[in-house]
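**Student:** One-letter residues, chain by chain:
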Amino acid sequence: MASIARCLRSARPSGFSLVKSSPIAARVRPFSVSATVLEKRYTKEHEWVDLSADKKTAVIGISEYAAAALGDVVFVELPEVGKAVQAGDPVGAVESVKSAADINSPVSCKVTAVNTLLEEKPGTINQLPEDDSRGGGWVVKAKVDEAGATEFEALMTEEQYGEFTASSEGEDSH
Amino acid sequence: MQRIKPSLAAGALRGTWRSSSNSAARFTTLRTTRTSRPPASQHNQFRRSPVSPLTQKRNASSSSSSSETLAKTPLYELHLANGGKMVPFGGFHMPVQYKDLSVSQSHAFTRERGSIFDVSHMVQRIFTGAGAAHFLQRVTPSDLERLPIHQSTLSCLLKSDGSGGIVDDTIITRLPDQAGDGGNRFYVVTNAGCRDKDNEYFDRELAKWSDRGEKVVQEQLDGWGLVALQGPDAEGVLAEALADHGKVDLKKLYFGQSIYAQVKMHGMRVSSPLLISRGGYTGEDGFEISIPGDETVEVTEAFLATGGPDRVRLAGLGARDSLRLEAGMCLYGHDLNEEITPVQAGLSWIIPKERRTPEAEFYGAGVIVPQLIPKSKGGAGVSERRVGLVVEGAPAREGAEIVSRPEGKKLGVVTSGCPSPTLGKNIAMGYIQDGSHKAGTEVDVVVRGRPRKAVVTKMPFVPTKYWKGTAPA
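From first to last, the protein sequence lines are chains A and B. Numbered per full-length UniProt numbering, the first sequence spans residues 1 to 174. Numbered per full-length UniProt numbering, the second sequence spans residues 1 to 473.
Same shape as in the complex, but just chain B (with noise of 0.2 Å):
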């Protein structure tokens, strides 16, 4: 069994993954067949990405050749410059960690200080046009009519079958709409390692859409870069980095809450207004910044420069790991699939109240819904669910066994685990049967075919630090 984690995401995941090229082609194919009007005015917050030459090339060897090649993201140089030890991860070379620090240093570094990831390995998207928000609802259990501008929510994509299945988990952010936009605008990063699947997933519920009359446009903002400032430190950075510095009030930007703003660059220049979120994959207090191609590596050596390598540091896929498995956050392909419903999977709190209820038309509410209400209380519930596990002696990984203790009945399955740097305990999650969830129920891991003693533990396993506008924790 692989067991280093990112590659071992990779590797699952590369099945999915053919060329980042395809989606270049998408985008193309959207505009020309979908948009039936001119595409949005000129002023878009977000200038369309250009299909670059290098781009075409791209795209055309990969339709001659069916070689897996490798895309780069933006910032590919600078992660060699700084010492980034790649490895493949959703069809992109991706810094696993740099060799200033090692994983746990630089697990740590994010928790007292402040870190950089480059996600553009991610999938941003753009859907407007006035059944946008409607048709989002029906792939989705949010309530994105009701979701305020600049505001985020964390979501799923649902199967079409009606199972309930989990296709990718995904932030939908509103954005205040534009010109032919139709009142409606919406910012979606999904995951790199399903970039295919849910490009196929959204080509085809478009296609089902269209008969509504209700036009929804679908962009692909291919080429740019996505980038995560975490730890404590990230605020004081950011605020520095900001052009027309004390202008923006990042104290009054809530966990959840996004802005545009400008980053100073080299001389006297600014970037383009960049959509900053709160928020990210850590449980830290931090901000994600979606940032054009060209100037992704500008904003980012900009971040360095003004936190120092006393802020901030660069931090790889290693750290990410370990950061959101302490702060109980689900890896898509590991603790979430398509046979996992939201309610099995702790994710209960991403349906409003105003959608549970089985006439709402999101795709598997008819399972859902049920599920939402115990067994006890007459609903039909779950039969089994996402836990925490604490782990003694040996870390438990991906596929270990839990079995009941003593008798060794098997009772689930371990989806994520490793020793946590931040507790100095070995931390996993995992699904378990409905009745042995509880926290403080005592079962055991089989590692390496030995039972160890775990107990269910409520996540996350360390307090999350998002910024509410209270006193920090």
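Okay, chain A solo, but in the shape it has when bound (with noise of 0.2 Å):
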């Protein structure tokens, strides 16, 4: 199945833009229950991890930019927990109504906490996807090594990804 990158790009409107690059993607940063937040890198595919301080665990889900569009999310799937990964592995899709696209860990990782909520309600991906607390849209938190955090060094941080998106955006509308 598509990555979600191949998705939007094969849905991106020629001549204009798809999505506003939304500004608000640091506005919901609500106060995360687990370890300190290191930081928050993003794939070319649209997915985002939040790596812990101590580098042990991270959350996985998909960025504002994805989910709005990708449109009305109506499914998601979430893998099951236990579930290793190496980075560029499904852990999930997401389903809209004209599309579906896998969710791709960003980091080698093995999977320790899905979110349920997803599956009662598939739109909080839509509302809160880059809220990583309880009733916000995360998709997987996982347990990562060191060739997890090395992985995630080479991700993009918030800044380059807004960039990446903002030109991506760009050099499609031929």
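For the record, the hints were derived by calculation from the structure and aren't laboratory data. Incorrect hints may appear among the rest.
Straight-line alpha carbon distances no greater than 30 Å define the calculated DSS-like cross-link-like pairs of lysine-lysine that follow [unchecked claim]:
{"#": "1", "chain 1": "B", "residue 1": "K409", "chain 2": "A", "residue 2": "K83"}
{"#": "2", "chain 1": "A", "residue 1": "K83", "chain 2": "A", "residue 2": "K141"}
{"#": "3", "chain 1": "B", "residue 1": "K453", "chain 2": "A", "residue 2": "K121"}
Just so we're clear, the structure is a prediction, and the values are computed from it rather than from any experiment.
Got two chains here, each in a separate frame; can you build the complex from them with the hints?
**Tutor:** See the structure below:
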């Protein structure tokens, strides 16, 4: 199945912007109950990952940009707790009326918790896609090893991701 | 795998698409080579499409380079002005949705109020001449000689190799004949994604037909608009938009029928007489209106202004796909292809009784007619057929395997699927082995490697609301 990025590419409008690149990405940054967040990084496929300060746990979800572009999400597929994945492997999927996209893990990790709220209220992922609190639209929590922490370093910062989404819109508007 | 349906279709179909300008060239060729008499009179209801300088330019550029430039419908600027998100589809820039509504909202708005769809990318053709009915009866299983004037029928173009496979699906309408038509005038609408393939098909078949001595002339309404007004408010909006309001009684225009009528435009002007057909691709009551290219924007704006945003909105390919799927209708290239016969596709009903004999001279009759009788009754039957499915859990999309429950033996494949905005369930259609096709049969559909329970379900999934003269449901 297609990654989110692939789905967005094929849905990308020509000639003008599909979604206003939202400057409010950082707006909903509720207080995390887990270990203090070190930093949030993004993939080119529009997933985000928060790594804890001790670099041992992570929270993963899809970006606001992706959530807006995918449209009304009606189903979120979650992995089984305990599943170990490599970076780039699917840890779930989001489905809207018009498309289905894999959620690929930004880093190698082992799933320790899944957001079951998304099974009952998949629309949460549209409303609060980057919220890692209870009631938010995060997808999985996971244990990360050293390899995962290294992979994290290679991902885009929030600022870089903002530039990436702005430029990829531009280059696609032929 | 690409998963966004309209783009997927665009990608899949682009291979058969070269350039819309082909059709302009074709039109010219046909006029000069196939019409032995002067082109039909000036008082044609359908004005012949002029080969505009723009078209010629496109034509010239496409012959010198193989660049795949997408064509624009007459409503392209209107889509942009209304926040249409454009995607390539069938060789055109088409709106997949508009900024005011999500796909689900647009879908619901169509079912509750009204939507306008630009379907100008579809190919509109006119067949005339003494042999037109006979010719179309060779390439389709329809009974066109008996088709009443201003009546439409769903039909399909059949492969000439006798296999019974479907080249394209189409709606054929008999129009009032005019001087020089030889008593025959048929309006034939086919899919945008099949334009080149269908052009080749018709050219080849017309060339074969020329031996018969029964003249047939094909015209393409190139550059014309085709607009679908769909939903419970469609009739009210159209009635108000018509010139001579009150003179045309739309209550007497039933599903599958058509009329010519004029629409009020800016100022005191009115449109040309437009062919208005009652029907559509959503399962709702509605109309499809064929409009000369230079009037398409004004007529569409008239519908939008007459209805206002409470009654009618623009809707795109996204909603069109989920609406047609709820209505159980096929999308060519997905649910239909050249390996599938009308009987396998559950379209036996398009073949009238009179033509259900092996002697019927339509392509593939030797395969199709025996299939009409099930194996249990001594006929050939079919080994697989199109069915509807309601899937639990994850939505099944095109390509998902249908397997037996709980054994997991392969039974078939999903050809279209999405979460149904109206029902809140996942619906799909696909092909399944004969024997497992009965409504209520429980199967599994494999999505992302996991089996999901599914039940074979009668289509349409959402009851259709065609206007047939009885009290609306």
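**Student:** With reference to the structure, classify each hint as holding or not holding.
**Tutor:** Each hint tested on the structure:
no., hint, in the structure
1, B:K409 / A:K83, "27 Å, holds"
2, A:K83 / A:K141, "11 Å, holds"
3, B:K453 / A:K121, "21 Å, holds"
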